[in-house]
Amino acid sequence: MIWRLIEVVGTPVLLVGGVATLGWGWLPAWERSDVRRPVVFGWAQLALAAALITYLVSDSLTNAPHLSLTLKVVGIVVMLFGSWLFSVAEWEPRRR
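Position one of the sequence shown corresponds to residue 1219 (my numbering), numbered consecutively onward.
Source of the hints: derived by calculation from the structure; they are not laboratory data.
One or more of the hints may lead you astray.
Pairwise CB distance ranges, derived in the manner of DEER restraints [to be verified]:
1. Arg1312 <-> Met1219: 42 to 50 Å
2. Pro1311 <-> Gly1241: 17 to 25 Å
3. Val1292 <-> Arg1314: 31 to 39 Å
4. Trp1248 <-> Ser1286: 34 to 42 Å
5. Ala1282 <-> Val1306: 33 to 41 Å
6. Val1295 <-> Pro1230: 21 to 29 Å
7. Ile1220 <-> Val1292: 22 to 30 Å
8. Ala1238 <-> Ser1305: 17 to 25 Å
9. Ser1305 <-> Val1234: 21 to 29 Å
10. Pro1283 <-> Trp1248: 35 to 43 Å
11. Pro1283 <-> Val1306: 32 to 40 Å
Ideal placement from N, C-alpha and C gives every residue a C-beta, glycine not left out.
All chains, please: the whole structure from these sequences, using the hints.
Spelled out as structure tokens, the structure:
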């Protein structure tokens, strides 16, 4: 039950944060010192929001267990990709 609440509350927060980062370059105050690539950070937030949406949709598919399992696996893969993007956002940019 608590995980469903976290997903329902966390998804809009990540969506708004991702759009704000991509649109205006805004970063949360606790991330400003660590993030070197704000655009990648914005995409990471949107990827995590998409993963949470996929996971929420998969929970509502009770009549199709195989489709539900497939959507959960896709959600986990997208979540891992978003987590990797968060780590990429902290890398130093390449110098030319």
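Practice task
If any of the earlier hints don't hold here, list their numbers in rising order.
Solution key: none
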